Amino acid sequence: MANELLREAYEIQGGNFDKAGEISSEIKVILKDLGISASNVRRSVIVSFEAEMNVVMYAERGTLTLILTDEDVCLEVVDQGPGIPDIELALKPGYSTASDEMRLMGFGFGMGLPNMKKNSDEFLIESQVGKGTSVFARIRLNSNG
Amino acid sequence: MTLKEIKEILGCDVLVGEEDLSLDIQQVVASDGMSEVLAFARSKELMVTGLTNIQSIRTADIAGVSAVIYCRGKRPEKNVVEYAGKKRIPILVTKLGMFDICGILHARGLKGVS
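Note that the protein sequences, when read in sequence, are chains A and B. Counting in this note's numbering, the final residue of the first sequence is number 145, and the numbers go up one at a time with none missing. Counting in this note's numbering, the final residue of the second sequence is number 259, and the numbers go up one at a time with none missing.
None of these hints come from the bench; they were simulated from the model. Since this is a predicted model, take the numbers as computed values, not measurements. Check each hint, because a few of them may be wrong.
[Claimed, not checked] Below are the BS3-like pairs computed for lysine-lysine, each with C-alpha atoms no more than 30 Å apart in a straight line:
id: 1; chain 1: A; residue 1: LYS117; chain 2: B; residue 2: LYS256
id: 2; chain 1: B; residue 1: LYS149; chain 2: A; residue 2: LYS118
id: 3; chain 1: B; residue 1: LYS149; chain 2: B; residue 2: LYS240
id: 4; chain 1: A; residue 1: LYS92; chain 2: A; residue 2: LYS131
id: 5; chain 1: B; residue 1: LYS232; chain 2: A; residue 2: LYS32
id: 6; chain 1: B; residue 1: LYS231; chain 2: A; residue 2: LYS19
id: 7; chain 1: A; residue 1: LYS19; chain 2: B; residue 2: LYS219
id: 8; chain 1: A; residue 1: LYS117; chain 2: B; residue 2: LYS232
id: 9; chain 1: A; residue 1: LYS19; chain 2: B; residue 2: LYS189
id: 10; chain 1: A; residue 1: LYS118; chain 2: B; residue 2: LYS152
id: 11; chain 1: B; residue 1: LYS152; chain 2: B; residue 2: LYS256
id: 12; chain 1: B; residue 1: LYS219; chain 2: B; residue 2: LYS231
id: 13; chain 1: B; residue 1: LYS256; chain 2: B; residue 2: LYS231
id: 14; chain 1: A; residue 1: LYS19; chain 2: B; residue 2: LYS223
id: 15; chain 1: A; residue 1: LYS32; chain 2: B; residue 2: LYS240
id: 16; chain 1: A; residue 1: LYS117; chain 2: B; residue 2: LYS189
id: 17; chain 1: A; residue 1: LYS32; chain 2: B; residue 2: LYS231
id: 18; chain 1: B; residue 1: LYS219; chain 2: B; residue 2: LYS152
id: 19; chain 1: A; residue 1: LYS32; chain 2: A; residue 2: LYS118
id: 20; chain 1: A; residue 1: LYS118; chain 2: B; residue 2: LYS232
id: 21; chain 1: A; residue 1: LYS92; chain 2: B; residue 2: LYS189
id: 22; chain 1: B; residue 1: LYS223; chain 2: A; residue 2: LYS131
id: 23; chain 1: A; residue 1: LYS32; chain 2: A; residue 2: LYS131
id: 24; chain 1: B; residue 1: LYS232; chain 2: A; residue 2: LYS19
id: 25; chain 1: A; residue 1: LYS92; chain 2: B; residue 2: LYS256
id: 26; chain 1: A; residue 1: LYS32; chain 2: B; residue 2: LYS256
id: 27; chain 1: B; residue 1: LYS240; chain 2: A; residue 2: LYS118
id: 28; chain 1: A; residue 1: LYS118; chain 2: A; residue 2: LYS92
id: 29; chain 1: B; residue 1: LYS152; chain 2: B; residue 2: LYS189
[Claimed, not checked] To give an idea of the chain A side of the interface with chain B (calculated C-beta under 10 Å), a few residues:
id: 30; residue: ALA9
id: 31; residue: GLN13
id: 32; residue: GLU22
id: 33; residue: LEU104
id: 34; residue: GLY108
id: 35; residue: MET111
id: 36; residue: GLY112
id: 37; residue: PRO114
id: 38; residue: PHE136
C-beta atoms are modelled at their ideal positions from N, C-alpha and C, and glycine is treated no differently.
Between the sequences and the hints, there should be enough to build the whole structure, so can you do that?
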């Protein structure tokens, strides 16, 4: 059984583009300071940043929880938003439902969810249309990813 | 190639990070899509983009790129420059467009990431 070393929950405000990404920058500093390898920090914060941007772009609000154990970095993101009708399609690189505003921000090119999956050792996504989406990502600290 | 050489070749202004111009650059990632940068950058690249908002620097920080060049003379807001300074990511601006920047740097031996 892995020992939990840290658990921190962050509130994400939907639609707030100025602050979008702040949480992931903070997580980067925390993981780096704890001596996690550069490659694992990088994988973890790419997942967290993409998740954070998705909540800001699509949802009303969400919560990102960082859980660090002696074996892995886990990220749980639960939002209250429109949900994803077809998850398989949403995971296809290039598929996007982004608005022009989102694209002007540099996001919404259909790479977010594939990026999250690629950088995770375990990636689960569940969604209910009209209610919201939850994502769980695990980055194992002993993997070479 | 150092960032200082790149600055001279492309005729850049340095908005922040003058003290880090000795950084060695081997690879370049060029895109206005931040998820593309996150997908392909492996760290320590130069990022070329036309996107000058705060997310461009947040993306650079998350992806671990060494420096950012904004094309077509686009200049970011003051808070973006300050944030880059805090994250120690140099920002350069050139009047050249992205296609020309990439062509010039490629001809001098820099490679893209894929």
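Quick rundown of the hints versus the structure:
A hinted pair counts as satisfied when its Cα atoms are at most 30 Å apart, and LYS117(A) with LYS256(B) qualifies at roughly 27 Å. Straight-line distance between C-alpha atoms of LYS149(B) and LYS118(A) comes to about 34 Å, which puts the hinted pair past the 30 Å bound. At most 30 Å may separate the alpha-carbon atoms for a hinted pair to count; LYS149(B) and LYS240(B) meet this at roughly 17 Å. Proximity of LYS92(A) to LYS131(A) is assessed by CA-CA distance (about 22 Å); at most 30 Å being required, the pair is judged to hold.
A C-alpha spacing of about 14 Å is found between LYS232(B) and LYS32(A), which places the hinted pair at or below 30 Å, so the restraint holds. This hinted pair checks out: LYS231(B) and LYS19(A) have alpha carbons roughly 16 Å apart, not beyond 30 Å. Using a Cα cut-off of 30 Å, the hinted pair LYS19(A) and LYS219(B) holds, with the two alpha carbons roughly 22 Å apart. For the suggested pair LYS117(A) and LYS232(B), the alpha carbons sit about 27 Å apart, so the restraint of at most 30 Å is met.
With a CA separation close to 25 Å, the supplied pair LYS19(A) and LYS189(B) stays within the 30 Å bound. Pair hint LYS118(A) plus LYS152(B) does not hold up; C-alpha atoms about 34 Å apart against a cutoff of 30 Å. Among the hinted pairs, LYS152(B) with LYS256(B) is consistent with the structure: their alpha-carbon atoms are about 17 Å apart, no more than 30 Å. With a C-alpha separation of about 21 Å, the suggested pair LYS219(B) and LYS231(B) falls inside the 30 Å cut-off, and the hint holds.
Of the supplied pair hints, the one linking LYS256(B) and LYS231(B) holds, its CA atoms being roughly 28 Å apart against a limit of 30 Å. Between LYS19(A) and LYS223(B) the alpha-carbon distance is near 16 Å, which keeps this suggested pair within the 30 Å criterion. With a C-alpha separation of about 36 Å, the suggested pair LYS32(A) and LYS240(B) falls outside the 30 Å cut-off, and the hint is violated. Between LYS117(A) and LYS189(B), the direct Cα distance comes to roughly 23 Å. Compliance with the 30 Å bound is thereby established for this hinted pair.
At most 30 Å may separate the alpha-carbon atoms for a hinted pair to count; LYS32(A) and LYS231(B) meet this at roughly 16 Å. Proximity of LYS219(B) to LYS152(B) is assessed by CA-CA distance (about 15 Å); at most 30 Å being required, the pair is judged to hold. At roughly 21 Å between alpha-carbon atoms, LYS32(A) and LYS118(A) fall within 30 Å of each other, so this suggested pair holds. A C-alpha spacing of about 26 Å is found between LYS118(A) and LYS232(B), which places the hinted pair at or below 30 Å, so the restraint holds.
This hinted pair checks out: LYS92(A) and LYS189(B) have alpha carbons roughly 28 Å apart, not beyond 30 Å. With a C-alpha separation of about 38 Å, the suggested pairing of LYS223(B) with LYS131(A) is violated against the 30 Å cut-off. Between LYS32(A) and LYS131(A) the CA atoms are separated by roughly 35 Å; this puts the pair beyond 30 Å, and the hint is violated. At roughly 16 Å between alpha-carbon atoms, LYS232(B) and LYS19(A) fall within 30 Å of each other, so this suggested pair holds.
Only pairs whose Cα atoms come within 30 Å are accepted, and LYS92(A) paired with LYS256(B) is accepted, the gap being roughly 28 Å. Restraint check: the Cα-Cα separation between LYS32(A) and LYS256(B) comes to about 28 Å, which is no more than 30 Å; the hinted pair holds. Among the hinted pairs, LYS240(B) with LYS118(A) is inconsistent with the structure: their alpha-carbon atoms are about 36 Å apart, more than 30 Å. Between LYS118(A) and LYS92(A) the CA atoms are separated by roughly 12 Å; this keeps the pair inside 30 Å, and the hint holds.
In summary, the hint linking LYS152(B) to LYS189(B) is supported, as the alpha carbons are separated by about 17 Å, within the 30 Å threshold. Of the supplied interface hints, the one on ALA9(A) is violated, with its beta-carbon coming no nearer than about 20 Å to a beta-carbon of chain B, more than 10 Å. Of the supplied interface hints, the one on GLN13(A) is violated, with its beta-carbon coming no nearer than about 15 Å to a beta-carbon of chain B, more than 10 Å. The interface hint given for GLU22(A) holds, since its Cβ lies 8 Å from the closest Cβ of chain B, which is under the 10 Å cut-off.
For LEU104(A), the shortest C-beta to C-beta distance to chain B is roughly 8 Å, which falls under 10 Å, so the interface hint holds. Evaluation of the GLY108(A) hint against chain B yields a held restraint, the C-beta minimum of about 8 Å falling below 10 Å. With its C-beta approaching chain B no nearer than about 3 Å, MET111(A) sits inside the 10 Å limit, and its interface hint holds. Contact between GLY112(A) and chain B, as hinted, is supported at the beta carbon level, the nearest pair being about 5 Å apart and thus within 10 Å.
Using the Cβ-Cβ criterion of 10 Å, the hint placing PRO114(A) at the interface with chain B is satisfied: the shortest such distance is roughly 8 Å. Evaluation of the PHE136(A) hint against chain B yields a violated restraint, the C-beta minimum of about 20 Å exceeding 10 Å.
Of the numbered hints stated above, those contradicted by the structure are hints 2, 10, 15, 22, 23, 27, 30, 31, 38, listed in ascending order.
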